[in-house]
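So the sequence lines, in the order shown, correspond to chains A and B.
Under this note's numbering, the first sequence is numbered contiguously, ending at residue 536.
Under this note's numbering, the second sequence is numbered contiguously, ending at residue 1241.
In case anyone wonders, no lab produced these hints; they're calculated from the structure.
Please note: incorrect hints may appear among the correct ones.
Said to hold, decoys possible - The calculated lysine-lysine pairs, modelled on BS3-like cross-linking and capped at a C-alpha distance of 30 Å, are: (1) B:Lys855 to B:Lys1109; (2) A:Lys282 to B:Lys1108; (3) B:Lys1162 to B:Lys1108; (4) B:Lys1031 to A:Lys114; (5) B:Lys1162 to A:Lys32; (6) A:Lys170 to B:Lys1162; (7) B:Lys1109 to A:Lys195; (8) A:Lys32 to B:Lys1199; (9) B:Lys1031 to B:Lys1199; (10) A:Lys162 to A:Lys416; (11) A:Lys369 to A:Lys282; (12) B:Lys1031 to A:Lys71; (13) B:Lys795 to B:Lys833; (14) A:Lys454 to A:Lys281; (15) A:Lys162 to B:Lys1199; (16) B:Lys1162 to A:Lys114; (17) A:Lys114 to A:Lys416; (18) B:Lys1233 to A:Lys195; (19) B:Lys1056 to A:Lys162; (20) A:Lys114 to B:Lys1056; (21) B:Lys855 to A:Lys195.
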Amino acid sequence: MNIPILSIITFLPAAGALLFIFINRKQDNLIRYTALFISIINFILSLFLYFNFNGQTAEPQFVEKADWIGYGINYHIGIDGISLFLVLLTTFLMPIVILSSWNSIQEKVKEYHIFMLLLGTGIIGVFVSLNLFLFYVFWEAMLIPMYFLIGIWGGKRKIYATLKFVIFTMFGSLLMLVAIFTLYSIFYKTAGTYSLNIFDFYQLVLNPNIQTWLFLAFGLAFAIKVPMFPFHTWLPDAHVEAPTAGSVILAGVLLKMGTYGFLRFALPLFPDAAKKFIPYLAVLSLIGIIYGALMALIQKDVKSLVAYSSVSHMGLIMLAVFALNLESLEGAVYQMINHGLSTGALFLCVGILYERAHTRLIKDYGGVSRQMPVFAAFFLICMLSSVGLPGLNGFVGEILCLFGIFQSSKLLAILGVSTIILAAAYLLWMYQRVMQGPLENKKILHFKDLSLREIGFLVPIILLMFFMGIFPKPFLRKMDASIEHLLNQVHRAETYVVDKKADRKPSLDISEIDMNHNTKENITETEENE
Amino acid sequence: MNNIWTLLPILFVLTGSVLVLLLEVFLRREKKEYLGFISIIFLLLSGISCVLFWNKGLSFFNGRLFLDKLALLLSLLFIIGAALIILISMKYLSLQDTNHGEYYSLLLFALIGILIMVSSTDLIIIFLGLEVLSISSYALAGLKRSDEKSGEAALKYFLLGSFASAFLVYGIALLYGASRSTDIFSIINYFQSDSTQSILVISGLGMLIIGFGFKIAMVPFHMWTPDVYEGSPTPVTAFFSVSPKAAGFAVLIRLFGPYFRQITDTKNIFTVLWILSVLTMVAGNLLALRQKNIKRILAYSSIAHAGYIMIALCAQSYYSLVFYLTVYFFMNIGAFSAVIALSKKNKEYLELDDYAGIGFRYPWLGATLSVFLLSLAGFPPTGGFLAKFYVFSEAVHKGLTPLVIIGVLASLISVFYYLRIIVYMYMREPSYTFKIYENNPALFLALFICLYGVIQLGLFPGNVLLFIKQAVASLPF
């Protein structure tokens, strides 16, 4: 297999964007069809990744390596069981968002699709990079198209929202850049060669003090991206002002870059520091869950309601990530995909309503289901998926997350369950006020039900929701090995530190060292000792 | 040892300059553009001679003037820069009614000054070069004779510039008084052997920092920058924002390279540089936030960039410094070229409000300017990012993490005002429209070269970086 399939998937959208430069700006439909075509091809290509992915091994697959600038800066990409699904999610959502903006984007169509496709490349690049330089390049470069998407096609306060988004994100990522430099320098001082390869950094043994600072720098960047309470304030603004497609991508995949960052970098690179901060981070996640949900309850604007629900849901994912056991991490990754689908779908539904009424205030609606029965059904399914109804995808993810959290802390799990109850409260209440009840606003009488195009982009999501709710196995089994490997990495470092202590104090009783370790860790420990 | 060919690059520029002056008399006002072509031809010749002398190590005047790899590399950069400036000025001069033939001649003279500055380690020779550069610069700043602001710029530049020169001469005199030499290596050697006179060396070096700090627009010696940049004709501003600054840094490399290497106790000077760097980055970026005029924004941004480059100086990482300068040449000249493109007969559009909606009315221009601004802000995959990457990573490697944290936070501030220009270009509806003068192939060529440079250096800097590393590695310290 010599075809660089992963590179093709990463750069195909950008190549498409370059192609648009040569298309006349008046040919809007040609541009739309080309963009749709490219993104569908990309999705089909990424399916190839899924079917050829070997779930038995944690090694990165489809690896491509090439010299680039040198001194550790190389082109090195590959995917494992975690990034596979995030890449798939991205390529799956791209054609959907392009289809969803068919009518709503009438001005500057060419630029819109150029930025959309560039955004696709940026996001996929973040998930496939195995070199920290490359990762950072994609991580930052992806800001630019998003900045334009919100800033040009956004709502009334678009400039405020887009600048806030960029400045917040960059604040975190610039500090992360300093941390990357530090790692780069430490690696050079210990190994004598330059490297920015993530696997080389996994081998590094850092002293706990440095780990603390580096973890804080990486963690801040990712926490802003997720966003975790109290760094979430950019999110409602960005979501509310962004065009529908922007919101879908933002909620669907951009936020996952934060959780992915924790899984790929912050936790395995700095396990000791991570252990130290996990209690605090878990509390912040919990606050995020409850705060986001309460804020969602009082929103008057449908879109900001969905945005705050995002804060709440991402809180649960983060709580599961910090529980650090097999169930919770699989649940977290699964829930990342679910959240991408269900919140993305909710934003699409809100977008459909907005295209008809040009208002997002809940009080302007009421009784819409009478005019739009088909839409009502779709909307209901998306909402129930977000609430976590059994049979739909959200249930599987949330239950796995909560099982995992329960294992590590019963109290957190008990409080964390509130996410489901509160989600049911604010979403069902919203549904009731928007879709049911008396039809007071005369404008609603003119609403048309879903067009074929709208059904076209909602159906794939709905099908996938059911599929993931009923057959989670094809997804979970592909990620088992990677997640186990991740857990080993996080726990191995702990054993290392204990070993160190043992070296320094030989009198230490061996039973103290061995407390709390399950068999898996013992195996790694013996390996280390050999 | 003495090889007369050493003078060749300078002689080519000088010939071009004199020839321009001679021909100027015979050309009618509208035909003065030909002088630009003549200048470019001589710049090309000079550039080619620089390339041919690579690895030759020529020197003349008993080693007072020499062409080591760093001198050649920087000379080439300056020559390319000057050629770009000439490309962007040709139409501008006739459009803005400043079509004087002396312009090209003065620009070439300024270039000669810079070439002398970078090819010597003798402070007197460096001072001579600096004065050639400065005096031509004062005249260039005031070239828009009918414009009061241009006159103000020239006078301000002249007064403050001579003040700075005085500091410089005083510093040289102090150093000479102590060490009886004006050659940097002898001075450093002297102080290495005799540390009792450290007051003299510290104050002498301090004066030199002030003198060159003025040229590179380092806070607190930056006061002239915004006014001079705003008042001068725009291509001249572009020239000021890159060439004298880079020349100043080239001299600082030659001065502090051996200094940091050989003197054991460098703490005082290092602290001074550290503080100046922080001041320059923070003040430059903060002051830029409030500006409404694009030339003033770019003026403050150029101050801030001097601050980032000083981080490299503190870290003693000269290859990252030279790489930053290289990228900075392309992105800053590029940004100014785009500003120049936005003009018509007797009118320049320099206020932020003029930029509203430009991105869609002139998509190519808007996109190009956006790339330059994003590069200045340090977004990947542009050259600006890689330049910052090298400077910051080297500084962290040398243990200057606090300085780097201040640096990245300062560049976060800069993101705000660079993006504000893009906000105007793409996200604001224009309240009035105008047509720009579009028949300007030379300018578009310059824009293209700069764009190419920024992207090439951002994605595949390979060979350029290699040459820079060679040049820095060949330095005697």
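Note to self: Would the hint linking Lys1031 of chain B and Lys71 of chain A be met if the CA-CA limit is 30 Å?
What the structure shows: Violated, at roughly 44 Å.
Checklist line | Agreement of Lys1162 of chain B and Lys32 of chain A with the hint, judged by alpha carbon distance not exceeding 30 Å | finding: 54 Å, violated
Notebook entry, point to check: Is Lys855 of chain B close enough to Lys195 of chain A, meaning Cα to Cα at most 30 Å?
Noted result: 54 Å, violated
Next item on the list: Would you mind confirming whether the straight-line C-alpha gap from Lys1233 of chain B to Lys195 of chain A stays at or under 30 Å?
Entry: 20 Å, holds
Checklist line | Agreement of Lys369 of chain A and Lys282 of chain A with the hint, judged by alpha carbon distance not exceeding 30 Å | finding: Roughly 46 Å separates the two Cα atoms, so the pair is violated.
Note to self: Check the hint pairing Lys855 of chain B with Lys1109 of chain B against an upper bound of 30 Å on the C-alpha distance.
What the structure shows: 10 Å, holds
Notebook entry, point to check: Are Lys1109 of chain B and Lys195 of chain A close enough, with their CA atoms no more than 30 Å apart?
Noted result: Cα-Cα ~59 Å, so violated.
Next item on the list: Sort out whether Lys1108 of chain B lies within 30 Å of Lys282 of chain A, counting only the CA atoms.
Entry: 63 Å, violated
Note to self: What's the verdict on Lys1031 of chain B and Lys1199 of chain B, does the C-alpha distance respect the 30 Å limit or exceed it?
What the structure shows: 56 Å, violated
Note to self: So if I understand the rule, the pair passes when the alpha-carbon distance is 30 Å or less; does Lys162 of chain A with Lys416 of chain A pass?
What the structure shows: It is violated: about 45 Å lies between the C-alpha atoms, which goes past 30 Å.
Notebook entry, point to check: Quick one, are Lys162 of chain A and Lys1199 of chain B close enough, alpha carbons at most 30 Å?
Noted result: 29 Å, holds
Note to self: Does Lys1056 of chain B sit within 30 Å of Lys114 of chain A, going by the straight-line distance between their CA atoms?
What the structure shows: 27 Å, holds
Taken one by one, the earlier hints fail for this structure at numbers 2, 3, 4, 5, 6, 7, 9, 10, 11, 12, 13, 14, 16, 17, 21, listed in ascending order.
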